[in-house]
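Given these sequences and hints, build the entire structure.
Heads up: the sequence lines are chains A, B and C, in that order. Sequential numbering of the first sequence, starting at 1, is according to the working numbering. Sequential numbering of the second sequence, starting at 1, is according to the working numbering. Sequential numbering of the third sequence, starting at 1, is according to the working numbering.
Hints may be right or wrong, so weigh each one.
Pairwise CB distance ranges, derived in the manner of DEER restraints [what the hints assert, rightly or not]:
{"#": "1", "chain 1": "A", "residue 1": "Pro-266", "chain 2": "B", "residue 2": "Gln-254", "range": "50 to 58 Å"}
{"#": "2", "chain 1": "B", "residue 1": "Asp-62", "chain 2": "A", "residue 2": "Ser-317", "range": "29 to 37 Å"}
{"#": "3", "chain 1": "B", "residue 1": "Lys-103", "chain 2": "C", "residue 2": "Ile-179", "range": "41 to 49 Å"}
{"#": "4", "chain 1": "C", "residue 1": "Glu-181", "chain 2": "B", "residue 2": "Ala-102", "range": "42 to 50 Å"}
{"#": "5", "chain 1": "C", "residue 1": "Ser-174", "chain 2": "B", "residue 2": "Leu-334", "range": "51 to 59 Å"}
{"#": "6", "chain 1": "C", "residue 1": "Val-197", "chain 2": "A", "residue 2": "His-33", "range": "29 to 37 Å"}
Result set (SDA-like, lysine to any residue): computed pairs, CA atoms no more than 25 Å apart in a straight line [what the hints assert, rightly or not]:
{"#": "7", "chain 1": "A", "residue 1": "Lys-176", "chain 2": "B", "residue 2": "Gln-81"}
{"#": "8", "chain 1": "A", "residue 1": "Lys-178", "chain 2": "B", "residue 2": "Lys-335"}
{"#": "9", "chain 1": "A", "residue 1": "Lys-138", "chain 2": "C", "residue 2": "Leu-210"}
Some chain C residues flagged as far from chain A (calculated, every beta-carbon gap over 12 Å) [unchecked claim]:
{"#": "10", "residue": "Ala-25"}
{"#": "11", "residue": "Ser-56"}
{"#": "12", "residue": "Ile-104"}
{"#": "13", "residue": "Glu-138"}
{"#": "14", "residue": "Ala-239"}
{"#": "15", "residue": "Ile-266"}
{"#": "16", "residue": "Met-285"}
Think of the hints as simulated: they come from the structure by calculation, not from any bench. This one's a predicted model, so the numbers in the text were calculated from it and none came from an experiment. Glycine included, C-beta positions come from ideal geometry on N, C-alpha and C.
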Amino acid sequence: MAEITLKGLAHSYEKTPKGAADYAIRQMDHVWHQGGAYALLGPSGCGKSTLLNIISGLLEPSEGDVLFDGQRVNELPPEERNIAQVFQFPVIYDTMTVFDNLAFPLRNMNTPEYRVKPKVLEVADILELTPLLDRKAKNLTADEKQKVSMGRGLVRDDVTAILFDEPLTVIDPQLKWKLRRKLKEIHERFNITMIYVTHDQLEASTFADKIAVMYEGQVVQFGTPRELFERPAHTFVGYFIGSPGMNFMAVEYRDDQVMFGTQPLPVSEQMKHAVASAANASANDISHNNIKLGIRPEFIAISSSEVANSVPIQVTSVQDLGTYSLLTFKLNEQTFKARLPEGHPPVSEAAFAHFDAAHVALYIDEYLVEAGHE
Amino acid sequence: MSLHLQNIDHIVNGVPHISGIDLALEPGSFNVLLGRTLAGKTTLMRLMAGLEPPTRGKIIMDGKDVTNVSVRKRNVSMVYQQFINYPSLTVYDNIASPLKLAKHPKSEIDKRVGEIAEMLHIEHLLNRYPQELSGGQQQRTAMGRALIKDADLILFDEPLVNLDYKLREELRDELRDLFKARNCIAVYATTEPNEALALGGNTAVLHEGRLLQYGPTEQVYREPNGRFSAEMFSEPPINIVPGQLTDSEITFDQTLHFPCDDELKRLEPGDYDFGVRASHLTLQPQQADDLALDVHVDVAEISGSETFLHVRHERFPLVLHLAGIHQFSVNEPLKVYFPTHQLYAFDKQGHTVHIPARQGGAAHG
Amino acid sequence: MNNKVPNNRAWLLVLPMLVLVAFSAIIPLMTVVNYSVQDVLGPNARFFTGTEWFQSMLNDDALQAAFLRQISFSLIILAIQIPLGIGIALIMPKRGWQASAVLILITLPLLIPWNVVGSIWQIFTRGDIGLMGWGLRELGIEYNITRNAGDAWVTIILMDVWHWTPLVAMLCYSGLRSIPEAYYQAARIDRASKWAVFRYIQLPKLTNVLVIAVLLRFMHSFMIYAEPFVLTGGGPGSATTFLSQSLTTMAVGQQDLGPSAAFSLIYFLVILLVSWVFYTTIMNMQKDKPPHGGA
Numbered sequence: 001m002a003e004i005t006l007k008g009l010a011h012s013y014e015k016t017p018k019g020a021a022d023y024a025i026r027q028m029d030h031v032w033h034q035g036g037a038y039a040l041l042g043p044s045g046c047g048k049s050t051l052l053n054i055i056s057g058l059l060e061p062s063e064g065d066v067l068f069d070g071q072r073v074n075e076l077p078p079e080e081r082n083i084a085q086v087f088q089f090p091v092i093y094d095t096m097t098v099f100d101n102l103a104f105p106l107r108n109m110n111t112p113e114y115r116v117k118p119k120v121l122e123v124a125d126i127l128e129l130t131p132l133l134d135r136k137a138k139n140l141t142a143d144e145k146q147k148v149s150m151g152r153g154l155v156r157d158d159v160t161a162i163l164f165d166e167p168l169t170v171i172d173p174q175l176k177w178k179l180r181r182k183l184k185e186i187h188e189r190f191n192i193t194m195i196y197v198t199h200d201q202l203e204a205s206t207f208a209d210k211i212a213v214m215y216e217g218q219v220v221q222f223g224t225p226r227e228l229f230e231r232p233a234h235t236f237v238g239y240f241i242g243s244p245g246m247n248f249m250a251v252e253y254r255d256d257q258v259m260f261g262t263q264p265l266p267v268s269e270q271m272k273h274a275v276a277s278a279a280n281a282s283a284n285d286i287s288h289n290n291i292k293l294g295i296r297p298e299f300i301a302i303s304s305s306e307v308a309n310s311v312p313i314q315v316t317s318v319q320d321l322g323t324y325s326l327l328t329f330k331l332n333e334q335t336f337k338a339r340l341p342e343g344h345p346p347v348s349e350a351a352f353a354h355f356d357a358a359h360v361a362l363y364i365d366e367y368l369v370e371a372g373h374e
Numbered sequence: 001m002s003l004h005l006q007n008i009d010h011i012v013n014g015v016p017h018i019s020g021i022d023l024a025l026e027p028g029s030f031n032v033l034l035g036r037t038l039a040g041k042t043t044l045m046r047l048m049a050g051l052e053p054p055t056r057g058k059i060i061m062d063g064k065d066v067t068n069v070s071v072r073k074r075n076v077s078m079v080y081q082q083f084i085n086y087p088s089l090t091v092y093d094n095i096a097s098p099l100k101l102a103k104h105p106k107s108e109i110d111k112r113v114g115e116i117a118e119m120l121h122i123e124h125l126l127n128r129y130p131q132e133l134s135g136g137q138q139q140r141t142a143m144g145r146a147l148i149k150d151a152d153l154i155l156f157d158e159p160l161v162n163l164d165y166k167l168r169e170e171l172r173d174e175l176r177d178l179f180k181a182r183n184c185i186a187v188y189a190t191t192e193p194n195e196a197l198a199l200g201g202n203t204a205v206l207h208e209g210r211l212l213q214y215g216p217t218e219q220v221y222r223e224p225n226g227r228f229s230a231e232m233f234s235e236p237p238i239n240i241v242p243g244q245l246t247d248s249e250i251t252f253d254q255t256l257h258f259p260c261d262d263e264l265k266r267l268e269p270g271d272y273d274f275g276v277r278a279s280h281l282t283l284q285p286q287q288a289d290d291l292a293l294d295v296h297v298d299v300a301e302i303s304g305s306e307t308f309l310h311v312r313h314e315r316f317p318l319v320l321h322l323a324g325i326h327q328f329s330v331n332e333p334l335k336v337y338f339p340t341h342q343l344y345a346f347d348k349q350g351h352t353v354h355i356p357a358r359q360g361g362a363a364h365g
Numbered sequence: 001m002n003n004k005v006p007n008n009r010a011w012l013l014v015l016p017m018l019v020l021v022a023f024s025a026i027i028p029l030m031t032v033v034n035y036s037v038q039d040v041l042g043p044n045a046r047f048f049t050g051t052e053w054f055q056s057m058l059n060d061d062a063l064q065a066a067f068l069r070q071i072s073f074s075l076i077i078l079a080i081q082i083p084l085g086i087g088i089a090l091i092m093p094k095r096g097w098q099a100s101a102v103l104i105l106i107t108l109p110l111l112i113p114w115n116v117v118g119s120i121w122q123i124f125t126r127g128d129i130g131l132m133g134w135g136l137r138e139l140g141i142e143y144n145i146t147r148n149a150g151d152a153w154v155t156i157i158l159m160d161v162w163h164w165t166p167l168v169a170m171l172c173y174s175g176l177r178s179i180p181e182a183y184y185q186a187a188r189i190d191r192a193s194k195w196a197v198f199r200y201i202q203l204p205k206l207t208n209v210l211v212i213a214v215l216l217r218f219m220h221s222f223m224i225y226a227e228p229f230v231l232t233g234g235g236p237g238s239a240t241t242f243l244s245q246s247l248t249t250m251a252v253g254q255q256d257l258g259p260s261a262a263f264s265l266i267y268f269l270v271i272l273l274v275s276w277v278f279y280t281t282i283m284n285m286q287k288d289k290p291p292h293g294g295a
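So, in structure tokens, the structure goes:
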């Protein structure tokens, strides 16, 4: 059982870090609760692997503490932390059979053989490895090998957390969903904290109940997949989650209106007030003049004729993507994407866009301050 | 430049890698080769490039037989899955290398490299070395080298597969725009149906070394000529359920009866495989005669903005493609609705015998 | 089937290679085979002798003794150099300038020509001016490689270990470098002991490199010539006369072309056979035992 707490944690690979840019992980506090299924999502170089290695103990943080159930474990090596880790490329012991591979961690702890066997058989059964137990691990397929490396974590009763480092990279696309299913099943069956590191939104949202999105060494949002989609807390989350990502408009408050360049935007009264007060604050403080509105392509309705609260747009292309169409349009010289459902009526070149007020979000300095209102 | 592959067979050590492929590519066309791993995409590209001659058949470029002409004498370039650049050359020299080999004047090289770099958004990186770049930037450099030499044929062998999905999205968009203005033939291999749809152009569906179908991408997607083609060209894969058709109804699994669509009544009664797209299955009934099915959840795969729900009915598995984010737990019981008017029908030989009418209008402006 | 034209051009491509192999291996070998079945008395006086030379060679006591010495020598140096090489590779620094420095130091013996190695050790072991010979004598240890066969053996083995262990160490070092870090991390998490890491990760990953090392060292040592020739001249008596030296004496010294040709062939076949048996055994060890029911 483990609750993993990161307290004032920061890490730099430099000996004497000078500025924020020298930190792979910028100072953060975070709690992973016992038994949760979590994902750590971010683009390459965002610090997610560094963070994972700090949790597993392969790396010692330069600042702050890692606590397991309240105990400081900064200096404890991985073998003393009761965690297991599954790596990007399957790590198996080539010369051993599948059985011996699964038994390896138990035998290393001098577990008597009569206790090893039932445990290995149980885990092999869950992972559907039973028919392969006598085979040499070297000759397995990539997904079987990855299951073996997972199994080595599951055989240990003392394991309280399993860390996954992009474990499905080498798996055949057609088999991926089966392994995802297996992972969920295992999580539901064993009361183990699982943290899954990936750069793929599908992997993260499928596996995790809650996702920590990392960007430039910081967790910019920690939320459910639905929250990340509907209320991105940071412009990066808006951009990174969803295909295509969120559209952003740098806006000003002029003449009692929210202006996107020369185009007044029809927004809700609350949003208008929020933008107005943000603009007011920015008049005094130069760091606050970064005001943006964000809207996801899913929440822009396109019509050929003008409807209430719509803005005129220039349609540049419509791409049929099978289950939906992707429409690209220009507004105030900026490119936007909108998603049209299958069977949407044809759209003329000069058309109108309606932004669903419930899904327009306000970002100041890249962080969410006001989400949509009806 | 046109390219015609005539009855190509390619056999390596007695194993057929390509069987009877006949494919004509138009000048200036963008073509996607879609197929799973080992479908023969890379082999076909190697044959097109002239890296090896086919065991049988002819390759005609612009009316000339080039079957045995070496790759050096054909004007082709290729971009690979791995980011292949000269490690000891800067980005500038990497991109310029084909022109330098062809001994173009310095001023012209400067101009062309500048243009290409701008197009690929790497103009600020020209003095860097490949190992100092991110994966996306490295692949842009490799693409720059392929694009600069005005090749007649440019081959892309899954160039984006090693990049993360945001970069993939961006580069895909750029690639499509890049080729609008060019007059060469582009061939792009991918395993992902969604990538083919996003790239547009034409699509050739390959399976086990055979060409299943070739045509405008959208049309191949909407009107697959057979069951395999439909399965290869859908992500998540189209649901296939075997059933019996009589003159008034369809029966799945001997127990599920429902009245059959008027269009389907024209078919001979008998056994068929019925296909329904994942996006056409729903959690709420869309029409009065939708068939309700009791299923259990296998797993819900969630991308950033949509959900792929794997469920199983007593006898067959189904996949639903739902807009928005929905969470389910494993083994949760559920009712899903099966649209009886949106069925594809395939005969037992796998040929398409019925295609459902499109709902609503085309989304095109 | 009119379009089934067998592509003969492929053969043309292989032709230069075949010619090359013929000149470098097959033709010289055939010359030897030719000599081995004839008795050449003069330019035009040759007699076909069949397997006579082979039989006499196989029954030659001196040669049998040399063969046994050779086998013992090869086995001893393999038994020392392979574990020692692995050991050195394991304790070599992994990165930084120390790694480069150690690599350079260790490769130095490999750069010295065989006969020079022999001369160096010949001087090194001399009781009057050689550091080792003098040192041992000062310590009161009886040591003379020209009189005592045991001393001669120990010295030759020491010399070979000094000269060639670096090769094994370097091969192993490069093999160890190619093991991904994740393996070590996984092993730590699995609480594997140092020995288990060596036994189940490092050693299996080194298999291919070790096969090459063993084959190279076996073939090399089986043909050893210059060093013992310079150091001991094959003595005392014939205590350190190895196969290649016997062969040279026979072919060059006594001009017995027939017997030495037959002997060369036997020599060649032995090396080939041992290498082949070793290689196939190792490769078979890596295969799966067929699963029950033979699927």
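Please check whether the beta-carbon of C:Ile-266 is more than 12 Å away from every beta-carbon in chain A. C:Ile-266 clear of chain A: closest Cβ-Cβ about 37 Å, beyond 12 Å.
For the hint 41 to 49 Å, verify it against the beta carbon of B:Lys-103 and that of C:Ile-179. holds (46 Å)
If you draw a straight line from the CA of A:Lys-176 to the CA of B:Gln-81, is it 25 Å or shorter? holds (20 Å)
For the pair C:Ser-174 and B:Leu-334, does the Cβ-Cβ distance stay inside 51 to 59 Å? Since C:Ser-174 and B:Leu-334 have Cβ atoms about 56 Å apart, the given range 51 to 59 Å holds.
Just to be sure I understand the hint, the distance between the Cβ atoms of C:Val-197 and A:His-33 should be within 29 to 37 Å; is that true here? holds (34 Å)
Claimed clearance of chain A by C:Ser-56, with the beta carbon kept past 12 Å: holds (47 Å)
Cβ distance range 29 to 37 Å for B:Asp-62 and A:Ser-317, holds or violated: holds (31 Å)
Regarding the pair A:Lys-178 and B:Lys-335, is the alpha-carbon distance no greater than 25 Å? Between A:Lys-178 and B:Lys-335 the Cα gap is close to 22 Å, so the pair holds against 25 Å.
Taking the shortest Cβ-to-Cβ distance between C:Met-285 and chain A, state whether it exceeds 12 Å. Not fine: 9 Å to the nearest Cβ puts C:Met-285 too close to chain A.
Within 25 Å, alpha carbon to alpha carbon, are A:Lys-138 and C:Leu-210? holds (18 Å)
Does C:Glu-138 sit more than 12 Å from chain A, CB to CB? The assertion about C:Glu-138 holds, with a minimum of 50 Å to chain A.
Taking 12 Å as the cut and beta carbons as the points, is C:Ile-104 off the interface with chain A? Answer for C:Ile-104: holds, closest chain A Cβ roughly 28 Å.
Going down the numbered hints, you'll see the structure goes against just number 16.
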